[in-house]
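Undergrad: For the sequence shown, the numbering used here gives the first residue as 27, with consecutive numbering after it.
For the record, the hints were derived by calculation from the structure and aren't laboratory data.
A virtual CB, placed ideally from N, CA and C, is assigned to each residue, including glycine.
Heads up, some of the hints might be wrong.
Unchecked claim - Computed Cβ-Cβ distance ranges for the label pairs, DEER-style:
hint	residue 1	residue 2	range
1	84	59	32 to 42 angstroms
2	149	56	20 to 30 angstroms
3	152	81	49 to 59 angstroms
4	143	68	21 to 31 angstroms
5	153	45	32 to 42 angstroms
6	104	127	28 to 38 angstroms
7	114	149	51 to 61 angstroms
8	119	142	18 to 28 angstroms
9	150	77	39 to 49 angstroms
10	127	43	40 to 50 angstroms
11	42	62	25 to 35 angstroms
12	52	119	39 to 49 angstroms
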Amino acid sequence: MGWRLSWLRLLLRQPDLLFDHLGAHGALLAVDAKQLAQALERRLWLTLLSGLLLGCGIVLAGMAAMLWLLRGAPAEPGLPVVLGLLAVPLLPWLGAAWAWRAARRAATLPAFENVRAQLAADVSACRALDPTGAGR
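With the hints as constraints, model all of the structure from the sequences given.
TA: Set out below in structure tokens:
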């Protein structure tokens with residue numbers, strides 16, 4: 027109870043300190059919200075890129091298969107033909123896998139961690155103001 031009275035006295039004697047502190051919390055919240063929005067935007071663009079590259083690889087694989095069939099599928103295809111059939115769609119698929127993985131990594135960022143840490147520090151400071159330890 028003592029720390030609550032200390033905060034009440036501080037609020038009555040120096041309200042500008044409390045309002046400045048709350049303003050700093052608001053600024054910290056705005057910075058964390060901006061970081062979260064940027065991370066979500068990056069995740070969205072990487073996911074869209076992954077889908078685009080996946081579709082591009084599918085189209086290229088279909089075109090390679092059609093060209094191979096139009097040419098007449100040889101009984102024993104040579105190495106350049108096999109590499110052409112595999113390498114052409116494989117490059118966009120590798121890019122799609124990279125973009126998908128990067129998008130998933132971007133999603134694991136902790137949101138509002140700075141605000142949580144500051145609030146925990148404020149609670150610790152409030153508890154430290156109570157010399158009797160009754161507020162714990």
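Undergrad: All the hints need checking, so say for each whether the structure fits it.
TA: For each hint, the structure was consulted:
1. 84 x 59: 32 to 42 angstroms: 38 angstroms, holds
2. 149 x 56: 20 to 30 angstroms: With a Cβ separation near 21 angstroms, residue 149 and residue 56 satisfy 20 to 30 angstroms, so the hint holds.
3. 152 x 81: 49 to 59 angstroms: The hinted range 49 to 59 angstroms holds for residue 152 and residue 81, with Cβ atoms some 55 angstroms apart.
4. 143 x 68: 21 to 31 angstroms: 23 angstroms, holds
5. 153 x 45: 32 to 42 angstroms: 22 angstroms, violated
6. 104 x 127: 28 to 38 angstroms: 34 angstroms, holds
7. 114 x 149: 51 to 61 angstroms: 59 angstroms, holds
8. 119 x 142: 18 to 28 angstroms: 39 angstroms, violated
9. 150 x 77: 39 to 49 angstroms: Roughly 46 angstroms apart at Cβ, these two residues keep to the hinted range, so it holds.
10. 127 x 43: 40 to 50 angstroms: 47 angstroms, holds
11. 42 x 62: 25 to 35 angstroms: For residue 42 and residue 62 the Cβ distance comes to about 30 angstroms; the hint holds.
12. 52 x 119: 39 to 49 angstroms: 46 angstroms, holds
When held up to the earlier numbered hints, the structure conflicts with 5 and 8 and fits the remainder.
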